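Top to bottom, those sequences are chains A and B. Start counting the first sequence at 1; every next residue gets the next number (our numbering). Start counting the second sequence at 1; every next residue gets the next number (our numbering).
Take the hints with a grain of salt, since some may be wrong.
[As the list claims (entries may be wrong)] Where chain B lies over chain A, by a calculated footprint (3+ residues, C-beta under 8 angstroms):
id	stretch
1	133-143
2	257-264
3	380-387
[Claimed, not checked] Chain A is nowhere near these chain B residues, computed Cβ spacing over 12 angstroms in every case:
id	residue
4	His171
5	Ala242
6	Gly244
7	Gly246
8	Leu351
9	Leu365
10	Ala380
11	Ile438
12	Gly454
13	Thr467
14	Tyr489
15	Thr515
16	Pro522
17	Val531
[Unchecked claim] Straight-line alpha carbon distances no greater than 20 angstroms define the calculated EDC-like cross-link-like pairs of lysine to aspartate or glutamate that follow:
id	chain 1	residue 1	chain 2	residue 2
18	A	Lys184	A	Asp255
19	A	Lys79	B	Glu354
20	B	Lys533	B	Asp510
21	A	Lys74	B	Glu354
22	A	Lys74	B	Asp510
23	A	Lys144	A	Asp252
24	A	Lys74	B	Glu75
25	A	Lys165	B	Glu66
26	A	Lys287	A	Glu158
27	A	Lys74	B	Glu66
28	A	Lys76	B	Glu66
29	A	Lys76	B	Glu507
30	A	Lys395	A	Asp348
31	A	Lys364	A	Glu142
32	A	Lys79	B	Asp510
33	A	Lys183	A	Asp157
Calculated from the structure, these hints are not laboratory results. Remember, it's a predicted structure, so these values are computed and weren't measured experimentally. The beta carbon of each residue, even a glycine, is placed where N, CA and C say it ideally should be.
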Amino acid sequence: MASKWARTGAWWIAGVIGMVLSGRAMALEWNLQPPVTPIAAEILTLHNYVMLLVIVIFVGVFGVMFYSVFAHRKSKGHKAAQFHENTTAEILWTVIPAIILVVIALPATKTVIWQKDTSNPDLTIKATGYQWKWGYEYVQGEGKGIHFLSTLSTPQDEIVGNATKDAHYLLEVDHPLVVPVNKKVRMLTTAGDVIHSWWVPAFGVKQDAFPGIIRDTWFRATKTGTYRGQCAELCGKNHAFMPIVVKVVAQDQYDAWVKQHQEQVASAAEDVNRKWSLDELKAQGEKVYAANCVACHQATGMGIPGTFPPISAGNPFQASPQMLKELEDRGFYKDGKIVMGPVEHHVDIVLHGIPGTAMAAFGKQLSDTEIASVITYERNSWGNSGGAVQPAEVKALRK
Amino acid sequence: MSAVLDTHGHAAHDEHHGHHGPYGGIMRWITTTNHKDIGTMYLVFAGFMFFVGGVMAVLIRAELFEPGLQIIVPEFYNQLVTMHGLIMIFGAIMPAFVGFANWLIPMQIGAPDMAFARLNNFSFWLLPFAASLLIISFFVPGGAPGVGWTMYAPLTMQMGVGMDFMIFAIHLMGMSSIMGSINIITTILNMRAPGMTLMRMPMFCWTWLITAYLLVAVMPVLAGAVTMTLTDRHFGTSFFNAAGGGDPVLYQHIFWFFGHPEVYVIALPAFGVISQVIPAFSRKPLFGYASMVYATSAIAILSFMVWAHHMYTVGMPVAAQLFFMYSTTLIAIPTGVKVFNWVATMWRGSLSFETPMLFAIGFLLLFTLGGFSGLVLALAPIDIQLQDTYYVVAHFHYVMVAGAMFSAFAGIYFWLPKWTGRMYNETLGKWHFWLTMIFFNMIFFVQHFLGLAGMPRRIADYNPEFTTWNQISSIGAFGFALAQLVFLYNLISTIRSGAKAPDKPWEGADSLEWTHLPTPAPYHSFETPPVLK
């Protein structure tokens, strides 16, 4: 028996040494990510302290047990003692763990209070979780008024295996959040549809984002760099595909970014009365579609039967009779075609979504020009032929 | 299949009740009110659901073997994750321990059967219907709901009719648990043999008595949560919809008020089995019986006061974060007391290491390890980093699989002779143990590192930095699944043609089913109560 234990143990040790020596071990992560905020550093310290304690207790208790396993076995002739209670022991092994827990709880208490203190921030940013991207709005402090969407930028080809994945696969976005170093940033979180959660491990920050509620948390990044996190609450099919990227930059770089962004916003401030050509609308609409609609309605416009309706011409729609009736009542489903109903209804659905389904209200996320272009694109693709929709029409239909 | 029919006793019954002898075939199983038959049905059902849930787990781990989407689309992945959880919790581990309760409680207290024999039958037969609803939900439009076993609102509002199937299945399973619990409480409190005081009854009965109270208290709360989800979905209510004046966080409070005691519903009967197995194989009485009773009661009571440790990231006020952190760390104390008492039972005993004891020792080691990761998670500042990551997945699989499931295996190997009259193959049993032990740790130990490194849970795809641990975990899953086939083979060949078991195969076992009943136990036992000195 003893040699069997020794053999098993030897294999385990060999395995661990092998892994450690192999190059892959270098890529393996064993602990929390390197902290770049004082709170993350405190969390790491607390964790290491508790780990040490827990290992000591584990080795102690199971050292005793394994000693017993070897020394007190019947096959070695050991006869059983018959004691079966000891009040002193019970008291000791109740009180001593209690004291240990109090000792752990003290630094933890301090950290909880510290984590919750979002007062006097230098900068306040609102993060809104959508299915499936983040929206950021700088609501107070330098950069106030800047707002943009931050969407996964990993190409579909990499996801399905037609292209090699790079180092930031699933952790890269088109528009990262930019914040200045060494400033207290208060993050407000909310959501547009279901519960999401804003998490950046290097900051030690995670805050759930609820539709209809505003929560807050805060961080002060002490090192410049790019830090990546992910949505941390199951939010539907693309929960894995809505990362968070934060660039922490020196103050002067932040000033420059703010200036540049505000200029961009000003120059792109749409002339809602501009008349675009059909081709211009379709070209822009294709981009908007790829960033916002393709996840559900697919690149072919065919949707997913039973779940996401097709918006290409002549495709019978396999949905519940209830959904068909609702779409028919709204004039959106006609002659077996989804998008050939009146323009007002098409715009209405894109602006306000369909409550109780996954169809989001894009009116809050997209500008009049973007909506006009994507609807034009849809009404002129995949066998549909429906003419152009101008931004002014969309604006008129917003209520 | 299992118990021998006591035809002698039955002949006497015939004159009284006028039926024409025991049913054979399928009707026997549909109409039985015998606690042994019903226990067998619960265990067989649980075993079957364990394999169904296991196939889902293997599919999940196959997709996660490498970054990228290879075999499953994300919406189906979410469905698998959801159903794996529900099936394992409500279809496998809970019914398994109810099967143990049915088989053992009457025998261990010297009673002829459960207090409400027909209710017992109904409690079981609700389950196959509930399970069918769950499985059928994969095939309705929209598929099974992809909301996680926790079913948070408002994501549940977006699901198709599969969500309603799930809600109905949960109602049925809840009814089954509540009725079963009423049965267990009534039986234990009223039908103990003379001389079997509460403080003399086996620890397994104590843990089930306490568990039954937990179930009666919390299953209605779950029913409330899913019913509110149903009315929000279909009847215009706004319990969880802020726009209508409600609150999504309300769902979480209600769900976890059920959800936390639920995990002790799973753990306590497991503790009870271990408290029978370790003394038997140490040939020494359970150390600290009274302490064990008090510790189990303390765990049960405390379990009602900790629920929001599942909600440390929702944004509760400081006072609430601290309260739940303190109450959660407090639960470590009675749990630790139990672990110390089990080790003290082994200490200076006369130990042997047949398969039940191997699983019991595996339980001690790995459940405690899971308890330690729970302690780490209990600390709110650390939980901010680890909530909704693979660290949590590792934690609960350690306590529920290496904890509860190992205990169930220990119990099955321990009591199989009593149930069937046959001895299982000890070599195959040991192979099953060691393979399960090694592969279990391969799957889940590395998941602690994944969580620490920053991998969220419930994701179908991940960044390549997480690849190595995911590959080790997936290989472990495939090995673990194959290892269970060893168990299945052993079980079936034992039942069909195993060696005949002696009356007392375990010399250290001292509860009534071992000391006062033959092996296998007769179909009707203790029709007159035993005399206890």
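Going down the list of hints, with the structure as the test:
| no. | hint | verdict |
| --- | --- | --- |
| 1 | 133-143 | violated (count 0) |
| 2 | 257-264 | violated (count 0) |
| 3 | 380-387 | violated (count 0) |
| 4 | His171 | holds (22 angstroms) |
| 5 | Ala242 | violated (2 angstroms) |
| 6 | Gly244 | violated (9 angstroms) |
| 7 | Gly246 | violated (9 angstroms) |
| 8 | Leu351 | violated (5 angstroms) |
| 9 | Leu365 | violated (6 angstroms) |
| 10 | Ala380 | violated (5 angstroms) |
| 11 | Ile438 | violated (9 angstroms) |
| 12 | Gly454 | violated (4 angstroms) |
| 13 | Thr467 | violated (8 angstroms) |
| 14 | Tyr489 | holds (23 angstroms) |
| 15 | Thr515 | holds (17 angstroms) |
| 16 | Pro522 | holds (31 angstroms) |
| 17 | Val531 | holds (24 angstroms) |
| 18 | A:Lys184 / A:Asp255 | holds (16 angstroms) |
| 19 | A:Lys79 / B:Glu354 | holds (18 angstroms) |
| 20 | B:Lys533 / B:Asp510 | holds (14 angstroms) |
| 21 | A:Lys74 / B:Glu354 | holds (12 angstroms) |
| 22 | A:Lys74 / B:Asp510 | holds (18 angstroms) |
| 23 | A:Lys144 / A:Asp252 | holds (16 angstroms) |
| 24 | A:Lys74 / B:Glu75 | violated (55 angstroms) |
| 25 | A:Lys165 / B:Glu66 | holds (11 angstroms) |
| 26 | A:Lys287 / A:Glu158 | holds (19 angstroms) |
| 27 | A:Lys74 / B:Glu66 | violated (48 angstroms) |
| 28 | A:Lys76 / B:Glu66 | violated (49 angstroms) |
| 29 | A:Lys76 / B:Glu507 | holds (17 angstroms) |
| 30 | A:Lys395 / A:Asp348 | holds (11 angstroms) |
| 31 | A:Lys364 / A:Glu142 | violated (23 angstroms) |
| 32 | A:Lys79 / B:Asp510 | holds (17 angstroms) |
| 33 | A:Lys183 / A:Asp157 | violated (38 angstroms) |
Going through the hint list in order, the structure does not satisfy hints 1, 2, 3, 5, 6, 7, 8, 9, 10, 11, 12, 13, 24, 27, 28, 31, 33.
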